[in-house]
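Sequence order for the protein chains is C, V and W. Here the first sequence stands for residues 0 to 333, numbered as in numbering that gives the first Met the number 0. Here the second sequence stands for residues 0 to 372, numbered as in numbering that gives the first Met the number 0. Here the third sequence stands for residues 0 to 525, numbered as in numbering that gives the first Met the number 0.
You may find that some hints are simply not true.
Claimed, not checked - Residues from chain C that keep clear of chain W, each with C-beta distances beyond 10 angstroms, as calculated:
(1) 46
(2) 51
(3) 107
(4) 178
(5) 204
(6) 208
(7) 210
(8) 215
(9) 219
(10) 220
(11) 307
(12) 312
To be verified - Some but not every residue of chain W turned toward chain V, in silico, with C-beta under 10 angstroms:
(13) 334
(14) 337
(15) 346
(16) 351
(17) 365
To be verified - Counterexamples of contact, computed for chain C against chain W with all Cβ distances above 12 angstroms:
(18) 187
(19) 203
(20) 213
Simulated from the structure, these hints should not be mistaken for laboratory data. Just so you know, even glycine gets a beta-carbon here, dropped at the ideal spot from N, CA and C.
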Amino acid sequence: MSTTTAVPEARILKPLRRGAPRWLAWAGYGAVVLVVLIFAVSSSAFLTPGNISATLNQAAVFAVAGFGLAVVIITGGDDVVNGGIDLSVGAVAGLAGTVAAVAAGTGMQPPSAIALALLMSVAAGIINGSAVAIGLRPLLATLAMMGIAGSLNLVISGNVKVPLTGTTFEWLRDGRVAGLPVAVAVMLLAFAVVGLAMTRTTWGIRSYAVGQNPTAARVAGLNPVRYVFVSYIISAALAGVAGILLASRLSSAVPGLGDQILLDIVLVAFMSVVFSRRLVVSLGGTLVAALFVAALTNGFTLLGVASQWVGAAKGVLILVVLAVVAVRGRGTAR
Amino acid sequence: MTTDTQHTTNPRDDNSPDTSPGSRTTPPTSRISGEPRRFRADVVLPRLIAPVVLAGILLAFSALSPVFFSSDNLLGVLNQAAILALVAIGMTVVVRAGGIDLSIGVALDLAALAAAAAIAGGYRPWVALTIGLAFGLTVGLVNAALIVLLRIPSFMATLSVWFIGTSVQQLLTGGGAPIYLQKSQVPDGFALWGNGAVLGIPIPLVFAVLVAAVVYLGLDRTRWGRELTATGEQRTASRISGKRVSWLAVSAYLLGAALAALGGVVLASRTYAFIPASGQLYVMDAIGAVFIGATLSRFGRASVPGTLVGVLIFALLANGMNLIGLSFFWQGLARGVALLVVLLLAILLTRTTRVPVIPPALRRLLAPSTARS
Amino acid sequence: MRGINKSFGAAHVLRDVSFSIHAGEVRGLVGENGAGKSTLIKILTGLYSADAGTIELEGEPVTISSPADAERLGIQVIHQDRHLAGRLTVAEQLYLGRSESRRGWVSRKALNRRAAEDLRRTVGLEVPPQLLVDELTVAEQQLLQIARAVLAKPRLLVLDEPTAPLAAAEVAQLFGTIQQLQEADVPIIYISHYLQELRQISGRVTVLRNGSNAGDVDLASTPDSPDSSDSSDSTDGLGKVIELMVGAAVEEFGPPRATRHPDRRSPALEVTGLAVPGALADLDLTVHSGEILGVTGLVGSGVDVLADAVTGNIAHAGHVRLHGQAIRSAHAFVRASGAYVPADRRKNGALVRNTVRENISLVTLRTLSSRLGVIHRRKEQHVAETFIRELDIRPARADAVAGSLSGGNQQKTVLARWLAAGSRFLVLDQPTSGVDVGSRAQIYTQISKLVDAGAGALLVTVDLEELVGLADRILVFHRGRVIAELSRGEASTDRILALASGTQQQAPDSISEPTSSLRTITREHV
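Work the whole structure out from these sequences, hints included.
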C-alpha cells in the first residue's frame, strides 16, 4: 500500500529537524557547577555550613518571588512586551515588608501584621489581574502597579527605615525548621506546592497551554482569562511572602528596596529557561537560578570583589543565558 | 452585500478575516478613495481619552491652585518635561521598531556622567556634548548588537544592559559618588543648554520641540519611518519585501540612545552635576508616556504626538501635586493611577461602544489573544 | 440529528442562512472567501453569536455562547488555523481541557501511554507522545488536532479546510477517518476550497454566496468518473457548484494561451548545490526567462523551504543566482528584481495593520520618495490606485486596512506590491491557498501576463490542478531531492501524485479509494 510506505519514509527526515544540540541542554547546569567549583577552590569559606546556610537564606527571597513571576510568565506567555510579566513584584514585596513592620510597630500581633501585609499584596494582585483580564498589556498594568505600590510604600513608611520587631519575625530570621533556616523551609514549601501544581495538575498544564496559545486554549473550551487572572494573584501573594522574609532577614523594612530586588527576581525567573528541556520558564529552573545568583553574589563577596561588579556580573550572566537560549532556539525553531 | 459592511469591518478584529467580503455583487467602483467614512464611536472615542485626561488635569489643578494656570508655571512645566520628552521620544522610536529599551536610563546617565566629567576636566562644551553623545551611543550600539546579532529579545537584552550600565556607572564614579560642578567654573556655553533661553523660551524646551518635530516627520513622512514601522509590526514580511530589517532595528536603538544621551547632557547642564542612577527615574515614565500616547492611534501604534500627550500628563500631574502641597511620596501613585485609567478606559470604550456582534464576555476572552497576534 | 437553522438580519454577513445535516452525512460547505462560511462556523462554535436565528441539535434547540458551550454539546471543529499550544507535549495537547487527569492530578506515564494508543487508533499517527507539538510537522499537527476532535466522540464534526497542510497520503488517511465517523452516524460538515475533494467524500454540497444560501448540489447523482482527480475540467456537479459560488462560470486558469517558448539561453534563476539541513539536499535547478517552473512534493519533501531558501530568507548551503547576481539575503533577492509571495499571507505577506496604499508601495518606496527619503504622498496614492484598479482589489479604497480584506484581496495586494516594483522574477509559494475562485483567476491572469512578457516564475504549490494548469515545466520532490521533471505535455495530476508519494503505481488508487488503504493501516497497527 502506498500510504504505508510513504508515511515512514517521510519520517526519515525528522530526526534532523527535531531537538536542540544535546550539549546545550546541559550547558546551564554545567555553568552552575563550574561557578560553584571555582568559588569552592578560591575561597575556603564558601562551602562551610554557615555560608551555605546564608546563601540559601539569600536565595529564598528571590526564589519565592521568582516562583510567582514564573507562574505569570508561564500563564501569560513569554513574549515580554505583550505576554505575561509582573513588574510590580519588587514594589509589592517592599510594600508587604513595610506594612508588616508598621502594623507590628503599632502594636498589632505579628501574625495579624503578616496577614495584613499579605492581604495588601493580594489586593495588588487582584488589581493587576483585573487590568490584564480587561485587556491591558501586562507590562503596562504592572508598571502602573509598580508605581502605585512604590508610592504607597513611601507614604506608609514616610521614606524612613522601619524596624521590625517581635518574636515571630525573629523566628523567621533565626529559627529553624527540620534543621533548615525558616526562610529556606518556606522556599522549599512554596516550591513543592507551586511546582507540583504547575506540572502535575490539570490547572498547571492548562496554564501552560494558555500561555503558549490562548486561542488554542479557548478552542479547547478553556477560559484563558481565569488562569491569567489567578496567576497575578499568586505572583503578588508570593511577592508578599518574599517581602516579609526579606524584612525579617534585615530586621527592618527599607523603603526603595523593592526597586532593587525587582531586577533580581526578573533575572531569576527568566534564567529558569536555561534549565528546562522545553525551553520554557519553569519552577524548578527558577529555584536553581535563584540558588545560582545567590551563590554568585555570596562568592563575589567572599572573594572581596566590590559590590558594583556583582551587578555587572549579573548582567553578563543573563546575556550568556540569553545567548544560549537564542542558539538553542535556532536549533529547534524552523 | 452592501459596501457598508466593508466599512464596519473592524480592522482590529484579526480573528475574522473571512467576514470581510470580497463582495462580487458590488459594481466595479470607479471611485478609489474619498468615500465618506462613518463616525465610529469605538474607533474614535478611545483615541480621545488621553487628550481628555490631559484637559481634565489642566482644569482640575487650575481650579485647585491659582498659580497653576499661569504662563510662567506652565512654561516651567514644559521646561521640566523637556528631558522626559527627549527620552520618551527616543523610546517611541524603539517601540515603533517593535522593541523596548529599558537601558535608556543608562544611556542618559552615562551621557550626563561623561559630559559632567569632561566639564570638570576643563574641556570645552562641544567636547563635553560629543563625549556625552558618544557614551550614550555606545549603550545603543551594545543594545543593537545584542538584539540584532545575538537575537536576544529586546526586553531582556536592554535589561541586562541596565544591570551592566549601572555597574559601569558605579565603577566610573568610584562606587557611585556624585560629581558636582562649581557653577563659577562651568563655561556659559555648557550651562546654557540646561538653563538658557531663546526669546524667553528655555533651551531644553527648544531642543525637545525640534527633536519632536524632526522625529515626527521622520517616522510618519519618510521611507525610513515607513520601513521601520513595517519592520516593527511584521519583521518577516518586511524582510521578504527586501527591507534591511537589521539596519532598521540598529537605527532605532541608536536613535533612542542618542536622544536619551542628549537628555542626559541637558540634565547635567541644568543641575550642574551628575547624580548616579538619575536616569532610571525616566525609564518607567517614558514607557508609560509612549503607551498612553499609543492610545491615540487606531492601531495602538506609538507616535511622537501621542507620546508628547503622555509626557504632558505626567509633567502636569507632578507639577500640580507639588503646587497643592502633596509630598513627592504620592507622585508614583498618581502616575500609576493615571496610566491605568487612560489605558483601561481606552480598552473599555473600544469594547462597549462596539456593535454587539460578539457578546461582551467573549470579547474579554478574545482580547488577550488578539493583543498578542 | 434534525438540523441546524440560522438566520441573520442585522449583521449582513449572513442573511437568513439555513443549513441542515443528517446523521452520518458528510456535507460539503463551499463559497468564496467572504461568502460567510467561516462566520457560520464561528457561530456554530460559539466564537460569535448570531443576531437572529436558532440552532437545533438532534431536535433540541440549543444556545451556544462560548467555545466551552460548543464543546459541552459535542460540537467539534478543526479550524483552518491550527490552534495548538506549541510547547505542550503531544499528549498534553491531545487531552487539553478534557481528561488530562483523574481529580486534577496528572500521571504523565499513564497519559503518554493513553495518548500513543489513541493517536494510533484514531488517525494512524505514530509519534512519541512526549514530543512537543512544535516538533511535529504541520501535517502531524493537523492529524493531532483531528484525533483530538474524534476522541471527544463528537455529535457534530466540522472540518474547515482540513487538507490544506496535508499531502496526498495524509489526505487519504483523513478521508478514511471521516468514513469511519460517518459509519458511526456522526454528521460532518466539510468546508473546502478543493472542490475535487468534496466529490470524493461528500454527497451533498451547500453553497453560500454573499452571506446567503445559493443552493445545494447533489454530487452523488452526477456520474463519478473512476479517476476523478485527474482533470482540471469540472464535471457537471462541480461545474454547478462553481457556478453557484460565483454566480457565473469562471475561467479558472487565466486566458487560454499558446505554448510558451522560454528563452533557454537566458537563465533567470540558477540554483546550484542548494541544501537546507533536514529538508533539501544538493539541489540544482534553473528557471528561464519566460517560463513558469512548477514545484511540488509532499509535506516533508523539502518544497516547503524551497521558496524561503532561494529568496534568501533562510540559511542554506549552495549558490543561488538571480539575473546573474548572487543571492545571499532577502534584500539582494529584491535588488535583483525578484518578487516573493510567501505562503503565510497574514504573517509574512500583507502588512495587516497598514493601508492597502502602504502595502502596495512598500517595495517601491525608494522611487516614490525624495532624496532625503520624504515620501511623495500623491505619487504613492497614484501607484496604489493604479494597481487597485488593475487587480480589482475590493474594497477599492487605497486607505482600507489590509488586515480587514478577504484572503483573496490580501493576496492581490501582495502581488500588486511586486507588480508596482516591476519585478522580473516571481517566487510564488502556495499563491492561492485560501483564495476564492474569482481572485484566483485574477491572480493567474496576472502571473501569466508577467511571464508572457518575459519574466520567470517559480511556483511552489500543493494544488495540483494549479500546477498542471500554470507551469511550463514541473519538478516533483521527494525526501529533499528532485525525483522527476515533467514537461507541460506529460504532466497530469495523478502522475504527479504518484511520483510525489514515491509509489508510482499505487498512489492513484489510494486517492480514489482512500478508505481501503487507511483501513489496512489501522488494522495493521491496532
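Comparing the hints with the structure gives:
| no. | hint | verdict |
| --- | --- | --- |
| 1 | 46 | holds, 35 angstroms |
| 2 | 51 | holds, 33 angstroms |
| 3 | 107 | holds, 37 angstroms |
| 4 | 178 | holds, 30 angstroms |
| 5 | 204 | violated, 5 angstroms |
| 6 | 208 | violated, 4 angstroms |
| 7 | 210 | violated, 8 angstroms |
| 8 | 215 | violated, 4 angstroms |
| 9 | 219 | violated, 4 angstroms |
| 10 | 220 | violated, 4 angstroms |
| 11 | 307 | holds, 38 angstroms |
| 12 | 312 | holds, 30 angstroms |
| 13 | 334 | holds, 7 angstroms |
| 14 | 337 | holds, 8 angstroms |
| 15 | 346 | holds, 7 angstroms |
| 16 | 351 | holds, 7 angstroms |
| 17 | 365 | holds, 7 angstroms |
| 18 | 187 | holds, 21 angstroms |
| 19 | 203 | violated, 8 angstroms |
| 20 | 213 | violated, 9 angstroms |
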